[in-house]
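> These are the residues of each chain, in order.
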Amino acid sequence: MKSSKKLFALVSLVLVIVLALCGCEQEEQTQIPVNEGANEDADKSFAGTYEGSAEGYSGGVPVTVELNEDGSIVNIKVGDNQETDGIGNIAEEKITRSIIDSQSLNVDAVSGATVTGDAIIEAVANALVSAGVGTDSFNYVPAARLEEAVVEINPEAMPEKKEITETIIIRDAKGREVEIGLPISSYAISTMDVIDYIVPLKGEEAFHMLVGSGQDGGHGLNKYAKLYTPIVGNYMEHVGQISDHNAPFDLEMILAMQPDVLIANSAMAAHRYALEIEDQLTQAGIKIVLIDVPGKSLKNSAQDTMTILGQLFQKEERAAEVNEFIDQQYELIASKISKEALIAPTVYYEKSGYADIFGSTATSKSGWGLVVDIAGGKNIADDLLLDTAASGGGGNTLDPEYVLNADPDFIVVSGINDGWLDSVSEKRDCKFDIINRNGWSNLKAVKNNDLYEFAHSTSRSIYAFYPSLKLAAILYPEEFEGINPEAVLDEFFERFTLVDKSISTWFNSLEMCEGAKQ
Amino acid sequence: MLKVNNLKFSYGKDRACVFDNISIEFNKGFNVILGPNGAGKSTLVKAIFGLLNYRGTIYYNCKNVSEMKTCEKVELMSYLPQMDLDISSLTVLEMVLLGRLPELSRRVSDKDLNIVMDTLKDLNIHELSMKKFNELSGGQKKLVFIAQTLVRNPEIILLDEPTNSLDLQKQLELCQLLGKIIKVRNVDIIVVLHDINLAARHADHIVVITSQGDYYNSGAAKDVITEKMLRDVYGVIGSVNLDDENKPVISAKKSARDSCDT
Amino acid sequence: MTDRAFEDISENRALYNSLIKKRISLISILFAGLVVLFLFNISIGSSSISIVQILRALFLNQGEGNNVMIVKDVRLPMALMAIAIGAALGIGGCEIQTILRNPIASPYTLGISSAASFGAAVGLILNNSILNLPEALAITGNAFFFTLVVSTAIYIFSLQRQIGKTAIILFGIALNFLFSSLTMILQYIADENQLQSLMFWNFGSLLKTTWTKFFIVFAVLFICMIILFKNAWKLTAMTLDDTKARSIGVDVSKVRRLVILITSLISAVAVSFVGTIGFVGLVAPHIARLTVGEDQRFFMPLSALLGGFILSLAFLLSKLIIPGVILPIGLVTSVIGIPFFMAIIFSKMRCM
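For the record, the sequence lines run as chains A, B and C. Mapping of the first sequence onto the numbering used here: position 126 corresponds to residue 126, and the numbering continues sequentially without gaps. Mapping of the second sequence onto the numbering used here: position 177 corresponds to residue 695, and the numbering continues sequentially without gaps. Mapping of the third sequence onto the numbering used here: position 48 corresponds to residue 828, and the numbering continues sequentially without gaps.
Since the hints were derived computationally from the structure, they do not count as laboratory data. Be careful, since some hints might not be right.
With the Cβ distance kept under 10 Å, some of the chain C side facing chain B (calculated, not the full set) [as the list claims (entries may be wrong)]:
(1) 792
(2) 800
(3) 801
(4) 844
(5) 852
(6) 912
(7) 915
(8) 1012
(9) 1021
(10) 1025
(11) 1027
(12) 1030
Keep in mind the model is a prediction, meaning the values are calculated, not measured. The beta-carbon is built from N, C-alpha and C at its ideal position, and this holds for glycine as well.
With the rest of the complex left out, here is chain A (with noise of 0.2 Å):
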C-alpha cells in the first residue's frame, strides 16, 4: 500500500505540472480586454480621465489617462501591476512622459523593458478609444507581440489559388531540376529574411502570396511582422510558422497552409529538413526549390537566387535588374581595388567578441571573411586557418597572442550591438567591450578608431553588398572617394523594396560608439 501512495504522489505531481503548463498557456492566450462603448459624440467635450488596461510581461497593466477638452493626454498614470521591479518602473516613467510630451503614442520603447512598454501604450490607445477620443491623431501603432507572432489563421484571407497556365523546370541551387505549374498563388519560406530577395520581384503580393515561414534566431517572423503589417495589411492570417529556429519542419503546418512552393536557403539546416519531407510534399503537390546564400561565392550567391527565384515568380527582367543592379557594386568594388600598387590593410574578423569571450573567426572562404575578401582585405586569420578543417566555413577562435602580434590594420565584429532588424524592435547602447581585452588598447586598430561593425545577418542577405563596399571604403578611403555606400543602399531600397533603409541598423563604428573608450 506504501507504493501505491507513492505513486499517488507521484501522479499528483504530473498533474500539478500539467495543470501549471495549462495556466500559463491560459494566461498567454487571454485577449487584451478592449473597452468598447466609444463616445462618438466628436463635439463633446473629453475632459475626465479613462481608463484602459493591456497584458504585460507579467499580467495586465491597468492606466488611467487624464485629457483636456479637446482630447489631448494632460496625465497617465500607471496603475499597480506586476511588471518586474526597476527596469519596469523606469519604462513606466520615461513612456508615459514621453507619450504626454509628444502627444503621440509612437514613442519609442525602453530598452530591456519592451514588453512593458508596448503594454503601456496598449492600454493608453485602449482607454483614448474608451474616451471616444480614438488613436489616430496620435499615430498609434499596434506592437507586434513577441507571442503573439503566431497568430490564429484566418481561412478566409489565404491567397486564391490561380490557375496554372504552363510549367516550368527551375534548376534550383543544389541542381535539382524541379518541375513547377506557373503561376504559382502561394509560397512559403524557411525563415523571413527570404522574402527580402521577394520582395523586389512581387512588392507587397510577395507578403500577399506568403503562406508559412520558419522562424530565426533573431524573431524574424516577429520582427518582419512589426515592419510589415502597417505596410501590407495583417498578412500574418496567412501565415503558419512552419519550423523553429534551425529545427525540422512541422509537416503538418505546411500541409495545411498547402503552398505551391517551400523555398529553403540551404546554407541554413532548413535544407536537409526539406528533403526530409521532400516526398510527402511531393505527393501533396508542393514543390521544394533551394537557394544558396552566401553560398560558396558572396558575389554571385543573390545574384543566383534572383535569378532561381525570377523564374519561379516569372518576373526574371525584374530579377536582372536587381543583379545588375549588385553586380555594379561588386564590380565598382573590384575595379577600385584592383591596381597592383596598392598594399592590402590586414583585418581580423570576430564574430561576438567580448572582453573575456573570444568569439570565433573566418577565413577569406567562409561568412564574414568573405565580405573582408572582396573588400580587399588581408585576413589574418588565412595564415594560419585556410588550410584546416575549420576554414570549411567552421568558426574558430584564434589564439589572443597571434591577434596581438598580428596587430592587423583594422578589426571588423558583427553580432555585438544591433544586429538584422534590431532598430525597429528596441534599442541598446552601442558597446565595444572586446577593446578592453589584454593588450588590445595598445592595437593599432583600437589606437586609430579602425575597428567596425556590421549586422551579422546582412553578409547572407540580398543587401551583402553594402557590407562589402563599406568596408572596402573605409579600407581604401582615398579609392573610394566620392563613393557613397548609403546613398548606394538608398538607392536600392528605393528602387527594389517597400520600406527605406531605417528598418536595420547597418553599421557600427568605435567611433561612433560614444563612451566605448575610457
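Let chain A serve as the given structure and place chains B and C on it in line with the hints.
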C-alpha cells in the same frame, strides 16, 4: 553417494591452489562440512554445484556430475549460496515460483502453483505468500530461499552457511527442519556450518577440511569431533564431552597459538 | 480425497489470481489511458482540424485540402511513433536496470545516446554519410551506425568471462565520455547553424516521423519484446544476486549478453529516429516497479506502456504549450522527468 575425486582448483592461473587433489566422500542424509575460515568450504560447495572450473571428477551414484550439462545439474541439485540478504520487490510466491524456473511457463500451471504452496505450507510460511520479500525478517527470508531450493524436488541440496545471522532458536529450528526434510522428501543435504556443536547435534556425517584446503577426516560426529581435531584444524585447545544423547559437545578454552600467553 | 485436492487447487489458484488481477487491471487502465492520449494526439496539431473532419479523413478518406494527408500521414504515424518510441525506451530502461541491477541505469548508461549524437554530428557538421545514404537519411543512418558500434563494443566486452555488472556500467560510462568528447571535437569546428541543428537533434523530435520509420521501429520493438517475453522468468531471476540466479539454473552471463544486445538495438533504433529523449527510460521502469514489482511478465509490459504513456503525454504537451508551435519533445520529457526523478530520489532516501 556423492564422491569428490582429486579435485584441484585455484582462482586464476597465478593464484595458489585452494584445493590440491582433495578427495571426499559424502554419505546419505545430513552431511556437514566443517573447517576454519578460508579452508574452502564454500568453494567446495560451489565446485560441486558446477559454478567453478575445476580439475578432477565428482560422481553421484556412479553418474559423473562433472560432465553433466547445467540443466541436468540443476535438476539433480539445488544450491543455496551464502549471501547478504537480497533486496527484491518480488512477492514470496513469485520468489519461490522462480525455483521452478526450468519448467516454468508464462502462464503459471496448477502443478507449479501447488508444489509451491505445499512447500510453503511444509515450512509453515504460507501465510507470507502474498508479502513482498523486502518486508520479511532475516529468518523468514532464509526460509523462503530454502523453499525455493526445495520446490525443484532435487536429490541433493547444497546449503552454504544457512544459519548465518539467525538467532539460537532459529538455528535449531532450521536444522530440525532440514532433518525433517531429509526424511519426508528423501533428499540428501550437504551443509556448510560454522557452529561445531550445531553440526555435532544434527549431522549424520561430518567432513572436516583444514585451513590449507586438505581433507582431514570424516565420519560420525563422535568419531570426528575430537580434542586433537580442534587443535590440528582450528588451532584451539578445548575439551570434548559427550552429552546425555551421546553427542559430542565442545568447549573451547584458548587458542593454541603462544601469542596469547606472552 | 479427490474433492479435497480439487479444493486445494482452486484455493491456490484463487490466491495467485488475486495477486495478478490487480496488476492486470492496472495494465488495462493504463492501456485505456494510452488510447485516450493517442486519440488526443491525432486530434490536436498545429493546424486546427475539427473532430468531424478528422473522423471523415480517418474513416472515409475525405477531407478539405490536405486534411486527409495531415491526419493519415502526419498525425497518425507521429502519435503511433510516440507510443512506440516511449515503449522502446521504457523496455530498454526496464531491462538494463534489471540486468545491471542498478535502479539509475537507463539505455543511455551504455553510451547509446552519446554515440547517436556523435553520428548525428558527423552528418550535420562534416556532411558525411557513413553508410552512403542520401542526404535526407544521412543523419539517421550515421546515428544508427554509431549506436550499433557502441552496442557491438559492449556486447564484445560482455562476452569476456568474469565480466560483472559494474564493469559493464564502467565500460558504458567510458564509451559515453569517448563519444561526448568526439562530438565536442566536431562542435569545435562547427559553425553556429550546425551547432543549433545538432542541439535541436539532441532535443529529440517526432516531426520527422514517416510510416516507414514507424514500421521499422515497431518491427524491432515487436521482435525484441517477444524475445524478452519468452525469457520473462529468467529475467525475473536476474533481479536476484548473480550467484543466486545461477543457482536457480540461469546462465547469468548469457542472459545478460542477450539483453544487452536487445536493449541496445531497441534504443539504437529509437534514438536514431527521434533523437535523444531522456528520462523516459529511467522513469517508466521505476514507476512500473513501484506498482507491479519485478515480475517481468508484468514489469516489462507495464514499463513499455508507461513509456508510451509518458511520451504521448509529453508529445501532447509539446503541441499545447505554445499553440501553433511544436516544441522539441525531448525538452518536454525532461521538464516532466526532472520532478519525477527527484520524487524517486526522495522516496528512495526514505527507504534507506
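> Next step is simple, just say for each hint if it's right about the structure.
Outcome of the hint check:
1. At its closest, the beta carbon of residue 792 of chain C sits 5 Å from a beta carbon of chain B; the interface hint therefore holds under the 10 Å criterion.
2. Evaluation of the residue 800 of chain C hint against chain B yields a held restraint, the C-beta minimum of about 9 Å falling below 10 Å.
3. Contact between residue 801 of chain C and chain B, as hinted, is not supported at the beta carbon level, the nearest pair being about 12 Å apart and thus beyond 10 Å.
4. With 10 Å as the threshold, the beta carbon of residue 844 of chain C stays out of range of chain B, its nearest partner Cβ sitting at about 49 Å, so the hint is violated.
5. Hint on residue 852 of chain C is violated. Least Cβ distance to chain B is approximately 36 Å, over the 10 Å limit.
6. At its closest, the beta carbon of residue 912 of chain C sits 43 Å from a beta carbon of chain B; the interface hint therefore is violated under the 10 Å criterion.
7. Because the smallest distance between the Cβ of residue 915 of chain C and any Cβ of chain B comes to about 46 Å, over 10 Å, the interface hint for this residue is violated.
8. A hinted interface residue such as residue 1012 of chain C counts as satisfied when its beta carbon comes closer than 10 Å to some beta carbon of chain B; here the least separation is about 6 Å, so the hint holds.
9. With its C-beta approaching chain B no nearer than about 6 Å, residue 1021 of chain C sits inside the 10 Å limit, and its interface hint holds.
10. Taking 10 Å as the C-beta cut-off, the interface hint given for residue 1025 of chain C holds, the closest approach to chain B being about 9 Å.
11. Checking residue 1027 of chain C against chain B by beta carbon gives a least distance of about 4 Å; that is within 10 Å, so the hint holds.
12. A least Cβ separation of about 7 Å between residue 1030 of chain C and chain B falls short of the 10 Å threshold, and the interface hint therefore holds.
Violated hints, in rising order: 3, 4, 5, 6, 7; the structure is consistent with all others.
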